[in-house]
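Asks: Chains as they are written, first to last, in UniProt numbering: chain A, 1 to 211; chain B, 1 to 211.
Simulated from the structure, these hints should not be mistaken for laboratory data. Keep in mind that a hint or two might mislead.
If chains are identical, the list can't say which one is meant, so a pair holds when it fits in one copy or spans any two.
[As the list claims (entries may be wrong)] Think about it this way: if two alpha-carbon atoms lie no more than 30 Å apart in a straight line, the pair counts; the simulated DSBU-like pairs of lysine-lysine are:
{"id": "1", "residue 1": "Lys63", "residue 2": "Lys16"}
{"id": "2", "residue 1": "Lys205", "residue 2": "Lys16"}
{"id": "3", "residue 1": "Lys146", "residue 2": "Lys205"}
{"id": "4", "residue 1": "Lys63", "residue 2": "Lys146"}
{"id": "5", "residue 1": "Lys205", "residue 2": "Lys63"}
{"id": "6", "residue 1": "Lys146", "residue 2": "Lys85"}
{"id": "7", "residue 1": "Lys16", "residue 2": "Lys146"}
{"id": "8", "residue 1": "Lys85", "residue 2": "Lys205"}
Here is what each chain is made of, one letter per residue.
There are 2 protein chains.
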Amino acid sequence: MAHTASRGPGRPPAAKAAETRERIVRAAREVFSELGYDAATFQAIAIRADLTRPAINHYFSSKRVLYRDVVEQTNAKVIAAGIAKAREATTLLNRISAFFAAAMDAESTDRSAAAFLVTSVLEAQRHPELISEEHDALRSSREFVKWAVDEAIQRGELSTDTDIPAIVEMLVAVMWGMGFYAGYVGHRDDVAVIVDKFELLMANKLWQLRD
Amino acid sequence: MAHTASRGPGRPPAAKAAETRERIVRAAREVFSELGYDAATFQAIAIRADLTRPAINHYFSSKRVLYRDVVEQTNAKVIAAGIAKAREATTLLNRISAFFAAAMDAESTDRSAAAFLVTSVLEAQRHPELISEEHDALRSSREFVKWAVDEAIQRGELSTDTDIPAIVEMLVAVMWGMGFYAGYVGHRDDVAVIVDKFELLMANKLWQLRD
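With the hints as extra help, turn the sequences into a complete structure.
Replies: Right, dumping it as structure tokens:
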């Protein structure tokens with residue numbers, strides 16, 4: 001449809017429209033991360049996207065609609081891409097490692113992705129109307145970790161005499177700690193290095209400790 | 001001074017004044033966490049503290065002054081208390097464990113402490129004028145971890161052939177992941193359980209993994 005569809009006057013061609021939508025979403029992700037949902041305006045997003053305010057309105061009827069689109073696309077980019085990569089790997093460590101690598105790749109093309117995901121959890125508490133069950137990054141990350149841990153147990157790769165759901169939650173907390181770090185503390189290279197250290201820790205190979 | 005000072009008309013006794021200040025700071029911590037710095041108003045904080053707006057103004061001349069006080073007191077309560085407890089312990093694991101325990105104790109008396117510390121890092125990016133070098137929770141947490149790791153190496157407790165600064169940063173990221181979890185994901189009991197799992201992981205005792 002993109003190139004052959006006839007179009008009415010003033011309507012942009014589909015390929016151009018998709019590109020503009022993408023540009024708006026990227027600008028909105030930055031502005032939402034930097035200012036928060038309440039302070040973010042279409043005006044600020046328009047300036048960031050180098051478009052006019054009516055142009056934003058042409059694509060998104062309201063701030064809430066635009067915000068949901070940013071949530072959906074950021075989750076797809078970071079979390080869903082991470083899960084897809086992890087499914088190609090076969091061990092627990094390789095899966096978690098693949099997840100982090102894919103999430104960092106997504107982040108490198110768009111510096112605000114991790115920051116946005118962290119703030120989206122805060123915004124969900126501030127604005128319950130923004131919660132999207134389908135695109136809940138926290139839930140997706142937990143489902144991924146649970147799947148990877150359960151599979152490792154079933155395959156006999158992981159053995160432990162401790163509580164599995166608690167291990168899953170601990171890994172979820174660590175994963176979000178890495179996201180927080182990527183979004184608000186360190187640079188991309190720092191994140192790659194600390195993820196590498198955490199992988200060594202998971203392999204019981206980071207250090208030897210004696211009492 | 002508290003009980004003997006003579007006082008002018010309308011001025012509250014010092015003990016009562018300290019109590020009111022404390023009540024305002026607690027209400028402000030909640031409101032700043034829930035609404036963010038921009039959306040938080042003296043009016044909202046007054047309602048939460050069950051005081052009048054002029055009463056808040058009597059103690060704090062501006063939102064920025066009040067915010068800085070919340071930062072200072074929350075850091076003292078969570079981070080500084082954690083560090084003080086950790087200094088009483090002697091091994092790396094016991095120190096990190098003592099830090100988490102003290103931070104969770106502080107959190108239990110004031111549910112919004114962890115949430116506030118996480119948002120304060122975001123707010124510092126949004127509002128550079130709010131940054132207080134002296135009460136930077138991120139910097140304090142890093143200095144604590146660095147001290148604990150360096151000491152463990154010097155005592156021969158910790159041996160590793162990997163990069164120490166990167167280990168420190170990884171532990172900082174994990175620590176903030178636990179704070180994020182405490183503030184926005186789980187309940188107090190959940191946090192205690194996942195901290196326990198992380199301590200097992202640090203001891204290379206959480207699980208056995210084979211390829």
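Asks: Give a verdict on every hint.
Replies: Evaluation of the provided hints:
no.: 1; hint: Lys63 with Lys16; verdict: within (22 Å within a copy, 45 Å between copies)
no.: 2; hint: Lys205 with Lys16; verdict: neither (50 Å within a copy, 55 Å between copies)
no.: 3; hint: Lys146 with Lys205; verdict: both (23 Å within a copy, 20 Å between copies)
no.: 4; hint: Lys63 with Lys146; verdict: neither (34 Å within a copy, 43 Å between copies)
no.: 5; hint: Lys205 with Lys63; verdict: neither (47 Å within a copy, 48 Å between copies)
no.: 6; hint: Lys146 with Lys85; verdict: within (16 Å within a copy, 34 Å between copies)
no.: 7; hint: Lys16 with Lys146; verdict: neither (40 Å within a copy, 51 Å between copies)
no.: 8; hint: Lys85 with Lys205; verdict: both (24 Å within a copy, 28 Å between copies)
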